[in-house]
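Novice: Given next are the chains, with one letter for each unit.
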Amino acid sequence: MSRPQSQAEYLARLVPPSVAGINRRSLLAGAAGTGALLGTGLLAGCGDDSGSGGSSKDVSLGSNQSDPKPKDVLVKVTDGFKTSSGVQVAVNTVDHNTFQENINNYLQGKPDDVFTWFAGYRMRFFAQKGLASDISDVWSKLSGYSDAFKKASTGDDGKQYFVPATYYPWAVFYRKSVWQQHGYQVPTTMDQFTALSAQMKKDGLIPIAFADKDGWPAMGTFDILNLRINGYQFHIDLMAGKEAWTSDKVKKVFDTWAGLLPLHQPDSLGRTWQEAAQSLQQKKSGMYLLGLFVGQQFSNDEQDDLDFFTFPEIDPAIGAKALDAPIDGYMMARKPKNEDNARKLLEYFGGKAAADINLKNDPAVLVANSGADVGGYTALQKKAAELVGSATEIAQFLDRDTRPDFASTVIIPALQQFIKNPKDIGGLTSSIENQKKSIFTD
Amino acid sequence: MSDLPLIQADRAVPPPATTTSTGGRRRRLRLLSRTDRVVITLMVLVPLLLVTGFVWLPAAATVLLSGTNWDGIGPFNEIEFVGVRNYSDVVNIYPPFVPAIQHNLLWLAALFVVATPFGMFLAVLLDKELRGSRFYQTALYLPVVLSLALIGFVWQLLYSRDQGLINAVFGSSIDWYGDSNVNIWAVMVASGWRHVGYIMLLYLAGLKGVDPSLREAAAVDGASESRAFFRVVFPVMRPINIIVLVVTVIESLRAFDLVWVVNKGRNGLELISALVTQNVVGEASRIGFGSALATIMLVVSLVFITIYLATVMRENRE
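As you go down the protein sequences, you meet chains A and B in turn. Position one of the first sequence corresponds to residue 1 (the numbering used here), numbered consecutively onward. Position one of the second sequence corresponds to residue 1 (the numbering used here), numbered consecutively onward.
This is chain B alone, in the form it adopts within the complex:
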C-alpha cells in the first residue's frame, strides 16, 4: 500500500463508461481521493493550529497585555486596563529605552556592514581550497558551536579590567565591560566573532553549489577573479544572499545573549530584547510594561519583515 499513486486515477476520475451513459446528474470531476483530501486537510490544519497557538495567540496576548498593568499576581479578571500609559511611560520616563533602540540599530549596521561581508569574504577564500582550509573552516565556525556560557567566559577572560588578557598584554586599564562608551563595541566584536563564522558556513555551502563551468567560462572569457565573482558567481548566489541578509537582520534584532551574559543589558548595553526580559521574566513581573516593550519590538521586526516580503514578492513577479 505504500506505493499509492498521488492521484488515484482509477477511482478519482470517473470511468469512461459512466460518462457515456449520460442521463443522471453531472458528477463533479474529482482529482483527489478522500484519503488525499484528509491528508491535505490535516497537513494544513495541524501547522495552522500550531502557528496560531504558539505564535499568533501569544503575540496577540502580548499586545493585549501591553494595555494593562498586570503584575502576574491575581486572576485574569482582575487585570486592569490602563490604555496607552505603558507606551507613554516607555517613551517618556524610562531612561534605558532610547539607548536600547539606538543600540539595536547600531547592532544591525555593524553586522550588516562589517561582520556579514567579512564572513562572505572568508567563505570565498575558503572556497579556493587553500591548504588547511578544513582547519580554518573549523576554527572560524567554532564560536557558533560553543555554548553561550563558554563564550561569555572566554570574553570575560579577555575583557576583564583588572585580570583580563587585553589589558595585561597592552598595559592599558580600559574598562571594557564597565565603560558605557566602550562596552557596546567590545560586545559587538564578540558578537561579530560569532556571526562571521555563521555567515561563512552558510555562504560556503552556497558557493560549493555553484556550477564550476560558470567560473571556467568566465575565466576563458578573460574575466579577472574579482570580476568573475561579482558578475557571475554573486548573481547566481541570489537565494543564498537573501538568506544571509535575512539571517543578519534576525540576528541583530534578537541580539540578546551576549549582553545578558555581560551585565544583563544595563549600563551601555541596553537592547530591546534585554529590556523585555528584565521586565517580564523573573521576579520583577512588570508584565504590562514589558509587553509594551515587546510590542514595540514586534512592530520594529514587522517593518523589516514587510520590506523583505515586499522585495521578494516584487522580484518574483518580474
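Only chain A is shown next, with the shape it has when bound in the complex:
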C-alpha cells in the first residue's frame, strides 16, 4: 500500500479491504481479506523458513502471493519447475503487506534463496546494499524481454538483479458505450484532452473520475504529467533525489495539474479508488486514469465495454511513449543456500513455460515475457500488452521509483495538500524540497 496501506500498520491490516480500500498491489497479487487477517500471525514466518535449504535437491522461495488465486498459480509454476528440473521448491508465503513492510528485516536475516519483489528504486537499493545477488548470467539465458524490461531489471552498476514476471499499465480508461453515445474521439494532445473534458462537462458527465483517500492514486496523475512534461529521465532523477523539487520543471507539472483539477471529480480526498471506478462504471464519469485493475469494479459482461488510451502528449519533444507499468517479479537473496538451484529457478521464472502457466491461470495480469502464448488474452489485455510493448520507457510508479519513506511520509501528504489548495505551489514545492534534503542524506 500502497503499501501505503496496513499498518501498527498492523491495525490497518486488520481492516477488511472494503473499508481500507484495497491497494492495487494486493489486488493484483491478491492479498485481500483472509490473508490480511492472518497477516500478523504470519510475521513470524518471515525469514525463518530457511531450515529446509541445504540439500542440492531443493530451493526456497519467499513469496508475497498470499491471495488464493495467485498463490495457486505460483504453486503451478513451481510444480512446472520441479517437473523440468527435479528440484523441489519450498514456498514460504507471507501476507502481501506484511512481506513488504518487513522486507528490511527479512533480507538482513535469513531470507529464502529467491524472493518475490518488484522493479524500481527499492530493487536497485537492495542491489546496491548487497542484499540481493547479481543474476546477469541468468539474464544471458533469457529471451523474449524488451529492452524496457531489461532496463527495469538493471541495478545502478549495470548488472541485472531482477527477473520480471507480470505487470500492468496505467492508462486513461473509459466506457466505449458512453463514448459512442456522445461521439467522443480519443484525444492525442493536451488541447484535445481539455476540449474533450469540457465537452463532457457540458454533456453532464464528470470528465475525469478521481479519488485520493488512500494517498497513492494521485501519484499516478503526478507521474504521468511529469513523464509527459519532463520525460522519463527527469522522473527517475527526481525520484532518486537528484533533481530539486523547487525547479521550474516540477512547478510546471503542478501548474498543469492545477489547470486540470477543475475537470477532476471534486472532493477526491474522501473517496476510495473503488468508488471513483464505480462512477465510471455507472456512466457518471467519462474517464479515469488508473491501472488495469480498474476492471475489478466492472461486472463480467461489462468488461468488453471497457477501453483505454494512453495519456495524451503534452510536449511534442517528449512524446507520449513513456508510462507507468509496475512490474512484479523475482530476485535472489545475497547468500542463497542453494545458489545453483536458485539461478535455475530464476531462469525458469523468466522463461516461456512459466509465463504460459501464469497466463493460462491468471487473467488479471499481463506476462512480461513476449515469447508467451498470448492467445488467451482478452481484448483489453492484448491492447494493454501492445501499449506497454510500444513504450520507450517504463516507469514503476512513484512509490516504487523512490525511497519508501519519502513516498509515504512526504509525497502523500504533499499531494493531498496540493489537491486541497492548488494555488500555493511555491510553498508546497519548497516544503517537499526541505524534507527531501533531510531524507536523501547519502
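FYI, nobody ran anything at the bench for these hints, they're computed from the structure. Hints should not be assumed to be uniformly reliable.
Simulated restraints on C-beta separations [claimed, not checked]:
hint	chain 1	residue 1	chain 2	residue 2	range
1	B	Ile166	A	Lys382	39 to 47 angstroms
2	B	Leu302	A	Gln128	37 to 45 angstroms
3	B	Phe121	A	Pro266	38 to 46 angstroms
Values in this document were obtained by computation on a predicted structure and should not be read as measured data. The beta carbon of each residue, even a glycine, is placed where N, CA and C say it ideally should be.
Once you've looked at the hints, dock chain B against the given chain A.
Specialist: Chain B only, in chain A's frame:
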C-alpha cells in the same frame, strides 16, 4: 502444606528459651522465614525485570534512536548520530506535526468535555433501573465490544460521500472523510460513540457499589435528586472518578485506531500516534525520525502522568 502461616512464628521468632540463656551474640529478630524472603524477592524481581525489559528499555532505546538517522538497514554499529536534527526537522519542516499536536489536544478536550460527562450521565440514568435498562446497557456498550475493523466499516457506510447513509438521507454532499475541516469532527463523533459506552460501563459499576442507605438518608433529609447526586454520590465515587479521568486522558493520547482506519492519519486527521506509525512501522523505516516523534509523545504523556500522580499523592497526604 498449603496452610503455611504468613509468618512462621515458631521458626522466625526466636523461642523464649534462647533469649533467656543469654551470653552469645544477639540474633537479629526475623519476622520472615527464608521461604518468605525468596517469594517476596521473586515477586519484586520478576515484575521489575518485565517492566524494565518491556517498558523502560524500549523507551530508553526510543529516546536514544531519536538522535540517529537509522533506517532499519545495517548493523547497529553503523548507526550515525545526528544530534537533535530529527527534532528540529519535526518542528521546522514536517508539515503534519503542528496539526497533529492540535488534534491530540482537541481530542482530549472533546472526550473530557462531551463524551465522558455524557457517559457518566447515561450511567446515572441506567442506574435508575428503568424498564429495559439491560437493553440500553447492551446497546450503549456494543461499540466497545465491536472489533475495530467493524467500526471502521460501520462509519464508512454512514460517512461515505457518494454512497453513505448520511448524505443519502439529507441529500447533502458533504465530504465527511475527505474535507479536512470536517473529518476530524466526524471521526471524533465515532470515537466518542465508543468512549461513551466505555465510560458508562465503568461508572455504572461504580454506582452499583454505592451504599443505598446514603441516598436514602439524603432523600429523607429532603435533598433533590440532583443535589443528592452531586453532594453525596459523586464525592463517594471519588476512586471511580479518578479512574474515569485517567481513562479519558489515556484514550485521547493513544487515539489512533479510527483515524488509521479512515485514512492512515493524513489530510486533517493527523495524530502523533499515527505519525509515529507512519514513520516507523512498515516499509518507510524512518526509525530515527519516528523515534523523535515518539519521544515527543512520551514527554506529552509524562506531563499528564506527573500532574495526575502529584494530585493523587498530595490528596493522600492530606
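Novice: Confirm or reject each hint.
Specialist: Hint-by-hint comparison with the structure:
Take Ile166 of chain B and Lys382 of chain A: their Cβ atoms lie about 44 angstroms apart, and the range 39 to 47 angstroms holds. Remark: the range hint 37 to 45 angstroms for Leu302 of chain B to Gln128 of chain A is upheld by a beta-carbon distance near 41 angstroms. For the hinted restraint 38 to 46 angstroms between Phe121 of chain B and Pro266 of chain A, the CB-CB distance of approximately 40 angstroms keeps it satisfied.
Against the hints set out earlier in the document, no violation occurs for any number.
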